[in-house]
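Construct the complete structure from the given sequences, taking the supplied hints into account.
One line per chain: the protein sequences are A and B, in this order. Just so you know, the first sequence maps onto residues -11 to 343 in our numbering. Just so you know, the second sequence maps onto residues -11 to 343 in our numbering.
Think of the hints as simulated: they come from the structure by calculation, not from any bench. One or more hints might be untrue.
Repeated chains share a single entry, so a pair holds when one copy, or any two copies, can fit it.
Stated by the list, open to error - With a straight-line cut-off of 16 Å between C-alpha atoms, the simulated EDC-like cross-links for lysine to aspartate or glutamate are:
{"hint": "1", "residue 1": "Lys(-10)", "residue 2": "Asp63"}
{"hint": "2", "residue 1": "Lys5", "residue 2": "Glu265"}
{"hint": "3", "residue 1": "Lys266", "residue 2": "Glu10"}
{"hint": "4", "residue 1": "Lys334", "residue 2": "Glu316"}
{"hint": "5", "residue 1": "Lys248", "residue 2": "Glu153"}
{"hint": "6", "residue 1": "Lys219", "residue 2": "Glu341"}
{"hint": "7", "residue 1": "Lys178", "residue 2": "Asp253"}
{"hint": "8", "residue 1": "Lys5", "residue 2": "Glu15"}
{"hint": "9", "residue 1": "Lys29", "residue 2": "Asp174"}
{"hint": "10", "residue 1": "Lys157", "residue 2": "Glu126"}
{"hint": "11", "residue 1": "Lys177", "residue 2": "Asp253"}
{"hint": "12", "residue 1": "Lys(-10)", "residue 2": "Glu71"}
{"hint": "13", "residue 1": "Lys334", "residue 2": "Asp317"}
{"hint": "14", "residue 1": "Lys68", "residue 2": "Glu97"}
{"hint": "15", "residue 1": "Lys219", "residue 2": "Glu288"}
{"hint": "16", "residue 1": "Lys(-10)", "residue 2": "Glu97"}
{"hint": "17", "residue 1": "Lys157", "residue 2": "Glu316"}
{"hint": "18", "residue 1": "Lys5", "residue 2": "Asp214"}
Protein chains: 2
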Amino acid sequence: MKVTVYGFGSLNYYLNKLRVPERLGGEPPYGGSAMAIEFAKAGYDVTLADPHLEKLPREIVDKVEKAGVKLTTDDVEAAKGAEVAILFTPFRSGITFKVAETIVPHLAENAVICTTCTMSILVLNSYLQNIIFMEGREDIGFSTMHPAAIPGTPQHKHYLIATNELLKKPIVTQEQIDNLKNLAIDAGKKVYLLPAELVSAVGDMGIITTAIAFTGAVEYYRIARDVLKTKRSMTEFQIAQSLQVVSSIVARYGFAGLIKLLNVDAMKDSLKSMILEKNEQPLTVTAVDILEKIGELIPEVLEEAEKFEPSDSVYMSAPSPMLVEYMEDLVGDDVLKGILRESWKKFYEGISERD
Amino acid sequence: MKVTVYGFGSLNYYLNKLRVPERLGGEPPYGGSAMAIEFAKAGYDVTLADPHLEKLPREIVDKVEKAGVKLTTDDVEAAKGAEVAILFTPFRSGITFKVAETIVPHLAENAVICTTCTMSILVLNSYLQNIIFMEGREDIGFSTMHPAAIPGTPQHKHYLIATNELLKKPIVTQEQIDNLKNLAIDAGKKVYLLPAELVSAVGDMGIITTAIAFTGAVEYYRIARDVLKTKRSMTEFQIAQSLQVVSSIVARYGFAGLIKLLNVDAMKDSLKSMILEKNEQPLTVTAVDILEKIGELIPEVLEEAEKFEPSDSVYMSAPSPMLVEYMEDLVGDDVLKGILRESWKKFYEGISERD
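Shown next, in the form of structure tokens:
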């Protein structure tokens, strides 16, 4: 099976900015090139495409070649006959879109395009609808080979593969998923199958936020069950409402807006009244501590928050999935998809503007 | 100024279920009656209305009366001439709606109705629109005297008062807010003014979830700033996306659905790769620990999760405030309000059905 990986992985970022060898271990290269090495060693026919190969240190490129990986700067050449195309292209979304559009006409029949930690597969799938239709390439599937860690580090022991679960219209066939599973397993990795829409929340760097929110919900659930003895529906309502509000404020007004609007002192006083079984509430206790010293932790954001004024008003606690259902009843699935695309675009552009 | 508090506060719940004296201190009564005592001691003309007064222990009722609080079982009598009406009525929302509807015609001119920890003021305000219009009582304001703690415990040192911030149409006047501020301050409490839509997320029991998610965002922000060195917009995008997904799944599929769909093992493996500066990530480290032993902590939910199958599909990551903005452009503010009401109703009913 021919596998092509797009994007070497930024040596500068991994070595100089993130200092991966000291922090996480392993040795360069990291990222897409480390994935390519693994797959080649597992016996696959692997090509790695990157436009900046000639700028990379010779000894590291040699390492990749010696593992049996073919290197090229030509995206189209690399795509020809590829049954799996993995995009480890940069975060800036324009590049990933462009590479994907370029390669669609050249991939093998029934090929599968996979995103990694740099782009949601649903966003890419939605973006490529036009070219898929124009080229008559409905045979191409969409999934992920999300490393959920930095390839090349000892922490990278798994791949998250996106399935059709929760989707109305499938984006990938069972055969394509099986190909990806085999590729991961042959490379010695564990496979997690996840609904396509949830892969980013679990695999991206934001897993810090996802997992802390999730375990915070577990901690609250246990206190509600054992101490507050409130109904399960009340617990779930409070969890969904709290996280919706925090998410909405960040999406709409950014991090400084969050701090200004939620009021750190009010949260602290309110939270202290909810320490009911200290030993069972490690996250709550730590959260109080973080709220106490927030001025030392993120002084620059507190300063921004001082000056923050919401420009205009929008509802912050409306539960997203119910809004979506309501709209679907109203306008049908096709228009809904357009509305969702627009909403994601607004979301992303709004956040980028604040940079 | 005449102040009426509705709802004594459940002695059975506070003493036998929650065991407040052992856990938090103070002595009975707790809840609405404790608020009434404070306000009376501060010199206000205070009435406490509760339908079940005769079932309460005599010595506790005496304590309330000795503080100067008038007691009655007649909601209408209690409403006559009241300038502040505080609803400490039970969680079950039907009761709070009914009491509020009953008292609207009898309140003093420019009175303000306040909810506490048992209901969102915006939900109540929206529910009462009909009777307000029928009775021509647009003079009545809506806010909160949210204790964000159990009144009668030493932790209760503050009130959260809801403002018009973030709302398109005001629900309360400055004079009404000033009355509430004075009431709180005269009772020796600190005042926090918060946008009406955010009071529940900060003051309710769900503050555990809100504060852990918030401090989790702070922890991720700092790692992104100091270690990952990613752009601020990327950080905010990840925070908003992660919390939206967790909130959406709980709202749509409940807690068991959350556990099944997010995949605890995948989260754990992904999270471990994000421990980059252990000492600066106390929440992340604790989250890993909770994920490790989740089987002991909430075995009954894991069992449910095993059997969980999503009944149908809906998008989980659509950012709520952008959907709302899009809809407002499409249908205008009035229809939007109706859609939001319906969405909240669907949300609440869906969660209650799972009880």
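Do the hints match the structure? See the list:
1. Lys(-10) with Asp63: within (14 Å within a copy, 77 Å between copies)
2. Lys5 with Glu265: between (41 Å within a copy, 14 Å between copies)
3. Lys266 with Glu10: between (36 Å within a copy, 13 Å between copies)
4. Lys334 with Glu316: This pair counts as between: shortest inter-copy Cα distance 14 Å, intra-copy 19 Å.
5. Lys248 with Glu153: Between. Shortest inter-copy distance 12 Å satisfies the 16 Å Cα cut-off; intra-copy 38 Å does not.
6. Lys219 with Glu341: Between copies only: 12 Å across, 42 Å inside.
7. Lys178 with Asp253: For lysine 178 and aspartate 253, the Cα distance is within 16 Å only across copies (11 Å; inside one copy 44 Å).
8. Lys5 with Glu15: within (15 Å within a copy, 56 Å between copies)
9. Lys29 with Asp174: within (9 Å within a copy, 75 Å between copies)
10. Lys157 with Glu126: The answer is within: 13 Å in one copy meets 16 Å, while 49 Å across copies does not.
11. Lys177 with Asp253: Between copies only: 14 Å across chains, 46 Å inside a chain, cut-off 16 Å.
12. Lys(-10) with Glu71: So lysine -10 and glutamate 71 pass the 16 Å test inside one copy only (6 Å; across, 77 Å).
13. Lys334 with Asp317: between (23 Å within a copy, 13 Å between copies)
14. Lys68 with Glu97: Classified as within: same-chain Cα gap 10 Å, cross-chain 78 Å, threshold 16 Å.
15. Lys219 with Glu288: between (41 Å within a copy, 15 Å between copies)
16. Lys(-10) with Glu97: within (12 Å within a copy, 78 Å between copies)
17. Lys157 with Glu316: within (15 Å within a copy, 28 Å between copies)
18. Lys5 with Asp214: Between copies only: 9 Å across chains, 45 Å inside a chain, cut-off 16 Å.
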